[in-house]
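A.B. asks: Below are the chains, spelled out letter by letter.
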Amino acid sequence: MSPPLSLRRLVALCRKESLQILRDPSSLLISVALPLVMLVIFGYGLNLDSSRIRVGLVMQDDGGDARGFASQLDGSPYLDVVIGSQIEMTRQLVDGKIRGMVVMASDFSHRGIGPGSEAPFQVITDGAEPNTANFVENYVEGAWRTWQRQRAADHGHASPQAIEVEARFWFNPSAKSRNYLIPGSITIIMTVIGALLTSLVVAREWERGTMEALLATPMRRSEFLLCKILPYYALGITSLLVCVGAAIFVLHVPFRGSLAALLLMGSAFLFSTLGMGLLISTLTRNQFNAAQAALNAAFMPALMLSGFIYELRSMPPFVQAVTRLIPARYFVTSMQALFQAGDVWSVLGSDLVRLTLAAVFFLGLTAQKTRRRLD
Amino acid sequence: MGVAELSPAMASGAIAQLRNIQKTFGKGEKPALAELTADVFGGRITGLVGPDGAGKTTLIRLLAGLMAPSSGTITVDGSDPIADADRVRSIVGYMPQKFGLYEDLTVAENLDLYADLRNVTGQYRKETFHRLLQFTDLAQFTGRPAGKLSGGMKQKLGLACTLLGKPKVLLLDEASVGVDPISRRELWRMVQALVSEGMAVLWSTSYLDEAELCADVLLLNEGRLLFNGPPKELTDRVKDRCRLVRGIGGSRRQVLARALRLPEVLDGVIQGSNIRLLLRNAAREPSPADLNAGPEAQWTSGPPRFEDGFIDILGGGPGGHSVLAEHLPVVPHAGEVVIEARELTRKFGSFTAADHVHFQVRGGEIFGLLGPNGAGKSTTFKMMCGLLVPTSGLATVMGIDLKQSASEARQKIGYMAQKFSLYGSLTVGQNLQFFAGIYGLNGARKREAIEQMIAVFSFGPLIQTKADELPLGFKQRLALACAVMHEPPLLFLDEPTSGVDPVTRREFWTHINGAVEKGVTVMVTTHFMDEAEYCDRIGLVYRGKLIATGTPDALKKMAARPGLEEPTMEDAFIELVGRHPD
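Chain order of the listed sequences is A and B.
Counted the way the working numbering counts, the first sequence spans residues 1 to 375.
Counted the way the working numbering counts, the second sequence spans residues 376 to 957.
Rather than coming from a laboratory, the hints here were simulated on the basis of the structure.
Bear in mind the structure is a predicted one, so any value in this text is a computation, not a measurement.
There's no promise every hint is true.
Just so you have them, the derived chain A footprint on chain B, three or more residues with Cβ under 8 Å [said to hold, decoys possible]: (1) 436-443; (2) 453-465; (3) 477-483; (4) 723-737.
Taking CB as the label site, the calculated pair distances span [stated by the list, open to error]: (5) N656/B to K369/A: 47 to 55 Å; (6) S222/A to F809/B: 41 to 49 Å; (7) M300/A to L769/B: 50 to 58 Å; (8) G799/B to K369/A: 33 to 41 Å; (9) H708/B to T370/A: 31 to 39 Å; (10) D455/B to V319/A: 51 to 59 Å; (11) L259/A to Q805/B: 53 to 61 Å; (12) R372/A to L762/B: 38 to 46 Å; (13) N494/B to K369/A: 25 to 33 Å.
A virtual CB, placed ideally from N, CA and C, is assigned to each residue, including glycine.
Just chain A, with the same shape it has in the complex (with noise of 0.2 Å):
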């Protein structure tokens, strides 16, 4: 019995996969230029700390606490500050030029504004976009707040308030949502990788005619799998690194982990998601329908169920029995983890063992779709 592989095949099937990668521009844009984009969207673009908001103040009184108030309001760092007729604010409100405006009676000055008393001042906000209503409603009010709390405090009155909370965030100090963001994006980026890139690699080897060729020569199924698996794992751990370097070091988003960690969790994951990308190329044989299946079945669930932009524990518990199934779920909380807690095993380890046995489920599964023959 010759043996089940062949170096030489082997190596010759691997080198003539990378000439392919290499000379394909879009493999080398899906794992060089894509992810590179996605970093600078995601560490630049994509904010989920509110910036400024821009809001309309309507002063129908120009007492001295109108004017304080207002400069108060034109003094938060959150809120862009215009003044204008109710008429014109009205109108820029429904145009969506501004997100809210501030009513100011022409009695403001005249009711009493002691801590605790009824604000004289409507809060008008456009519900079409519920988020922004909330921060408006939020910042004002928090305008108000220290308005008249320094207000008593310039008269000579006590603070009403006698404790003061301070929130502490750990693991992300400054609450900057970019270093949650970019460990979440890493593992999108790793996801297209493996997925959508491999998704198509069988598929044009059948759609060529090159699979017949190469089926009757005397390659073996193993080598034939392991060819299209180590190049692309090379590929991804590179773009990994290049991503968390980057992350690292043109980002700087702290990273707590080690490097040992970080290589055996992308692996695992490297695996997992090649292996479905195997598997949707094996049983597709087509390139559009592999590249349209990818999207479905990897791409989505990583960016929508993966936890890496919307909460779990929001989500209802069917679709939350969902994200179980998917591997990216399980990255995106070692990635979160490495990046802003450490090497923190209670986590890392079931994530690696969840992660293996998706990979061993989807490399089996392609092993066993993989025939050597065409009928």
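Starting from the structure of chain A, add chain B where the hints point.
C.D. replies: Positioned in the frame of chain A, the structure of chain B alone reads:
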């Protein structure tokens, strides 16, 4: 039947043996191969022919061990291709239809890959590469990506990769489809050389002139072996039944159509200005007067060809009546110029793909563009359809300059390409709807046109079938239907029957001939020389230039020389291209 019992046959030289083979794919489906028993011998070329879907590719895949037979036994050099796959794969060279090359890898990288896969190493590998590169004449192209090679060169590289392990059995599946006659002859010579070293070759082809040169032929139809033996044996069956009608007055297309209506005539084709007929077995000799071929017409008996035997065994051609042509409106024309290329030039960088190409096509004519792969046929063709803008020169159809108003001009053109330009995932009905739409048909006219095409080509039961799932003959009919639905006065056909068997090709030309009789003008590119014979005039393109123009007979006459007194169309093609100074 056990292996041991087959040994006497092996002693007689049969390398591959198939005994009582049955191959069925889906449950309840018609078998792709049934009750097939045949031998492939070393030291000779065995031709494998048959209409599309006859089971040729299945047979080859069974021998390569890529499929298992449903029943029956196969041995290749004494081994079972499935049970002993490793051994069989190391002694069988298989070249699939698309050659199995990696287009983004260079010639050398392709060779390296297949050499490693086939365990060709060390000094032996060096020698083999040297020998194969010499043999295929690819030595100067080793650094070129396979995708940038011409069709003929790809074919040779595919062969070289297949030959790397020094196989005992070589399986070639339609290796010469879409390749020009010069490259085909070269491939044939190369394979001939291999055979003289004792290799067994199974050569599947849709070119019956190639089959005629094989030592043995296996002729399949609908999964059954109809003939197994030397091709001459089949040709001899029809030896007294071929007739040539020369000196035809009037339209030879009409004469052919009339001839095919005669009960005595089994098959007929146009051959330049003559027609060639095959009579039914023991049929009465029809009188030339029945053909109404004019007073000058002569009726002589001609040499039989393998193709005649092929058509005979399949029960005759499709007949000469085109229901399509019956429904097409008459396109009035007074023989004026309807297609014109004036000093048409197209450059790609420093490379001139078409160099001052100049020709005119008159109404109701069939004009053929012939030439080797990469000669500039397609470039010229694309400029005439307005798909490619000429660098200089003028292309007009029906007096419309394609540079000025390409879309107006395209409305006058029905276009059908090699791969049938159908949407494979759409049904027959949806394809008809779509093409009616893009050619600007709507409302009642669209409905009528679609209904007419369904009636003419009997698409009724197939209307819900996806185009990809159609048998090839129907695919071709659908492509033709989509091209003629808007009743264009011009038909542009780009290798319309590439890879199609002779029977299907005859049916296609029956429709084209019928349409031309209605006044439609046809421009066609082809690699099939029998298709070239249907043309009124031919332009021979080589290295971007039109090197000869004339009727098929005129070109043959041009090519004639001492030692080649009566060249065939293929001889003429090769001779004229060869005479052209490099």
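A.B. asks: If you test the structure against every hint from before, which numbers come out violated?
C.D. replies: Per hint list: 4, 8 and 9 violated.
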